[in-house]
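K.L.:
Protein chains in written order, with numbering that gives the first Met the number 0: chain V, 0 to 658; chain G, 0 to 658.
Worth flagging that the hints you see were computed from the coordinates, not collected in a lab.
Worth double-checking, as some hints may not be accurate.
[What the hints assert, rightly or not] Footprint (simulated), chain G over chain V, 3 or more residues, beta carbon under 8 Å: (1) 70-81; (2) 148-161; (3) 442-450; (4) 458-464; (5) 594-606; (6) 623-632.
[To be verified] In silico SDA-like links for lysine to any residue, alpha-carbon gap of 25 Å or less: (7) 50/V to 67/G; (8) 43/V to 94/V; (9) 87/V to 368/V; (10) 63/V to 554/G; (11) 466/V to 196/G; (12) 339/V to 50/V; (13) 606/V to 87/G; (14) 366/V to 571/V; (15) 463/V to 261/G; (16) 568/V to 466/G; (17) 274/V to 250/V; (18) 466/V to 531/G; (19) 237/G to 65/G; (20) 531/G to 564/G; (21) 279/G to 304/G; (22) 366/G to 466/V; (23) 531/G to 47/V; (24) 463/G to 625/V; (25) 50/G to 505/V; (26) 434/G to 261/G; (27) 237/V to 625/V; (28) 366/V to 285/V.
By construction, the Cβ of each residue, glycine as well, lies at the ideal position given by its N, Cα and C atoms.
2 protein chains.
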Amino acid sequence: MDRSTEEAQTKEMDIRSLSSSHHHSQSERYIHKVGVPPKQNLFKEFRETLKETFFADDPLRPFKDRSRSQKFILGIQTIFPIFEWGRKYNLKKLRGDLIAGLTIASLCIPQDIGYAKLANLDPQYGLYSSFVPPLIYAFMGSSRDIAIGPVAVVSLLLGTMLQNELDPINEKAQYQRLAFTATFFAGITQVTLGFFRLGFLIDFLSHAAIVGFMGGAAVTIALQQLKGFLGIKKFTKKSDIISVMHSVVASAHHGWNWQTIAIGASFLSFLLFAKFIGKKNKKFFWVPAIAPLISVILSTFFVYITRADKQGVQIVKNIKKGINPSSVNEIYFSGDYLLKGFRIGVVAGMIGLTEAIAIGRTFAAMKDYQLDGNKEMVALGAMNVVGSMTSCYVATGSFSRSAVNFMAGCETAVSNIIMSCVVFLTLEFITPLFKYTPNAILASIIINAVIGLIDIGAATLLWKIDKFDFVACMGAFFGVVFSSVEIGLLIAVSISFAKILLQVTRPRTAILGKVPRTTVYRNIQQYPEATKVPGVLIVRVDSAIYFSNSNYVKERILRWLEDEEEEVKAATYQPRIQFLIVEMSPVTDIDTSGIHALEGLHRSLEKREVQLILANPGPVVMDKLHASSFTSLIGEDNIFLTVADAVSSCAPKLVEEQP
Amino acid sequence: MDRSTEEAQTKEMDIRSLSSSHHHSQSERYIHKVGVPPKQNLFKEFRETLKETFFADDPLRPFKDRSRSQKFILGIQTIFPIFEWGRKYNLKKLRGDLIAGLTIASLCIPQDIGYAKLANLDPQYGLYSSFVPPLIYAFMGSSRDIAIGPVAVVSLLLGTMLQNELDPINEKAQYQRLAFTATFFAGITQVTLGFFRLGFLIDFLSHAAIVGFMGGAAVTIALQQLKGFLGIKKFTKKSDIISVMHSVVASAHHGWNWQTIAIGASFLSFLLFAKFIGKKNKKFFWVPAIAPLISVILSTFFVYITRADKQGVQIVKNIKKGINPSSVNEIYFSGDYLLKGFRIGVVAGMIGLTEAIAIGRTFAAMKDYQLDGNKEMVALGAMNVVGSMTSCYVATGSFSRSAVNFMAGCETAVSNIIMSCVVFLTLEFITPLFKYTPNAILASIIINAVIGLIDIGAATLLWKIDKFDFVACMGAFFGVVFSSVEIGLLIAVSISFAKILLQVTRPRTAILGKVPRTTVYRNIQQYPEATKVPGVLIVRVDSAIYFSNSNYVKERILRWLEDEEEEVKAATYQPRIQFLIVEMSPVTDIDTSGIHALEGLHRSLEKREVQLILANPGPVVMDKLHASSFTSLIGEDNIFLTVADAVSSCAPKLVEEQP
């Protein structure tokens, strides 16, 4: 029954729509006027723009219509989501988290020691940063899969930028203090962005730019590891490929240590093989996850027994025992270094955020839960602020460890707590055992870890889909590899911006034709079967008309007209162009410059005796056209709901004017 | 006959289009597939993007299919348009140009002397800049109405920026040299922008920002004139309103000179009255044009007779006789000042361009001729480069003098040559007579001239049309008035950019409904009579989907869906939402981040058992969706030409699924 009613209804509508869209040249009864939206209160309009910009996700929605105590509890739960999900926590979830936590702990310990070296810090600082920050995050974060700790790219970035200011060996104490200062401001930056709901700023680093930047950073990091891997003592401090290769080649004769190379190469093969097994069969995901720890244990034991360190194999030597000391008094809150720390912190904080949010979103999409980017930023920021006071450097979400965490079946952020506990035990009891761990192993582990950041598949896809994105990607990549991480980052951001600006400066325009057997008008380049309407030129403008493109749009439309007029002259039996219909559907907004351009267009057309007609201006545009009395300039009856309506109103007038 | 044939044709089409758009749920024969544009050659695509960006106006078009000698002549005519229009020059045109030239000469002489003071230069430099640059422009420029010479805003900007580097009184020689250096680089900047076809960069200063900036500059300039107008000797060097008012008030007791005030006030009244007459009746346009010269003559004569300069009335004193000396050797081509001059020159050059191009376009539109912005820039740049070598400072098109030129009936750039000749005669013979000209008159003339730059009407219109534009305008205005021209400029540019970025970060989205008795789907906020289709949610995205907004777009669409689902739950007899149609007409482009977002959207929808359907993706989008195999992910048959097609394909499926 339902169905037949609806069919009947549909038919009725069809008949009505037929009479409206096709016969109104005879009877204009059914022509729909273009709606002018009801005039909005200025304050309301302003508030709504503000809301869409900063509170697009409506974070206060659950607080509506609640009692005061409920609001308080909700508030606590909003800041510390652990009080929300913690109440539903059970043993089954703990099992998943326990396994995941132990797995990522075994992966993070060797990585942490290596990453600390990338940041030119002592190895224990890497472990410190895997102890406090994950704990804080577990209480405040809302991602269930992210694994917190130091990561390769941020460590490299921090190391490079700090090194530009201070020497990490001769000015070790100040260097460390500046590192904590930068970490503090990285945290402050993150909290600020989240609190003021400016999280969308990190979206300005495009996916393409990130792919290139990460790939470049991975190559740079891998190259840096050649120092440990080849056992070179004199190594450049610069990170660009040319300086590094120069160092490597220069030391080839007597700077390389074959024992080191032998250890490094064999364990790197082992790690790569483990990775291969893990990729082959998802069940064995734990093989590549624990391979690094096994390598560390085996190689340390080997060096201890053979005393290979006497043969020139460099080892970690001393790594401080005990948990994080306080570093509150080490942060520079005044002086020159305050500003330097701030600048470095802002950059490192932003990059850290970009990485963490990207990871969080990826896994949230996989498990289909919502992630509030701004809340995440506050959590990440708070964790870095606390971290900076407990001898940690910038921590964030790690790509590789989060993936392992996910595959190991983590359920909640408790896996981070487990990892943190293992790191605590390591710091308290096991660190002295790392004394004989060869640096070459750490280099192998880092090389193995960062190889995963070079995403050739993604780059190929960029090339296939969007050439401009590919250029941005390559720009970032080569910028990092041939110059420095900062330059690469700068290139990536600049190209991303340039793309946006290009889009708004040179919007697309298209000539429309009628798709045969429909009343639909479409781009004749996309639909070659579409036919132009004689005497009428239909142009679509594919962007908001703003100051940045208003002149271009006007001149482009006039140029379309000139081309068309030439064509018409050449052909026989063609009426001259008498109507110019501008399809405004994609013109989502217009500003005063845009209206001036339309006025200019109207004036130029008047001189050529061509009538300007607008089709389907949107609500905002309609509102502004009214406010500026442009509608009365071209005549209200020259604005139509659809191109089809406009064409059918032109057609009869056109015929009369013909010779 | 023609008419009846066409009507018959139209009817036939109507019938066919009826069967296509309404009955294809029964027979799918007539459904039009969304066109995938033919794959373009990469190089061709790249070349076309480049052409649209830099050669949108196709400047080489006339060169096509010409012989070599013709090309040479055309080339000369392109660089020196005078050889083109000069051949058609006749006595009738000369008459118009002669009158216009004499009129603007009488206006420019007193203005030049005043503007030179704004730039902290000796009065003769203003006259120099009205002698050489207009001559060069007459040969190279293509605007017929622009009047070239020093202008108030650029003089002020140059004066302020130079003063920050050097003291114009104690370091006079270096100050002048730096001024020529800045002028040289202003010219180089202009030529470069024009030659590399980067002229679109000046479009980034929006109309709104210019209105505010000009208004602010006018207020600042007028305030500066209080020094000459009130005869104050100790005056601040800062240009912000607070410092200036402080100077004025502090000197109120014994710093003011009543004779000066009397002269200034009476002649200012005279000038304002002349302006009023000119506005009242367009025929008397020459009254305000020659009033300044008359004031100068009368007041100079008055001071000479009464020897009022002995009473403390400040006079011009010495103004050097003779035409421009060479200044080639004064330009700094090395050292610290090279860089400073370059920086100042770039800013002054850009502002000069903005003003000249705006004027050129306005008058070109009035007389309906085309103006090639990039060619204009080369002409303006060349004129400033030559100017910098002949003791001129930055010249550009003047708003007030160009308007007078236009009204006086100028025909070609010959009016600039006439003006230049008059200035030449003035420099050679008359300058000594300016000795007794009181400064107060110059102040009155400048105040009178800059009042016209405060465009309250334009600001009111901005408020009415676009609140954001108004904010940009006021930001620039108050930035200039309360801080400095540079800060105001910075604010204006920043706000303009922020607007563009906001647009691409938070694009509009809208829910569409069916406009009754049509097959047209429109924004239900704009067309309250439009009705939603049960079980189907139709969303339109109003912007290209790029990295900067892809996440927002995805989340916004999901939020629309949630809102709709809640509404459906609350209502009875409503089928749950089973189809989400995204109207893609305004989505002019998509990048890899955008495609990722669509994939994410598709995945989220799958989990909710909602089918994603796309309507009318454009050629570029379709191309990229294909390249990324997104089309096969959602199924080629879920992409439709129109929303109506998509809805009519959903409808039958929907019914079957109902309980």
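K.L.:
Among the hints numbered above, which are violated by the structure, and what are their numbers in rising order?
P.N.:
1, 2, 3, 7, 8, 12, 14, 15, 16, 17, 18, 19, 21, 22, 27
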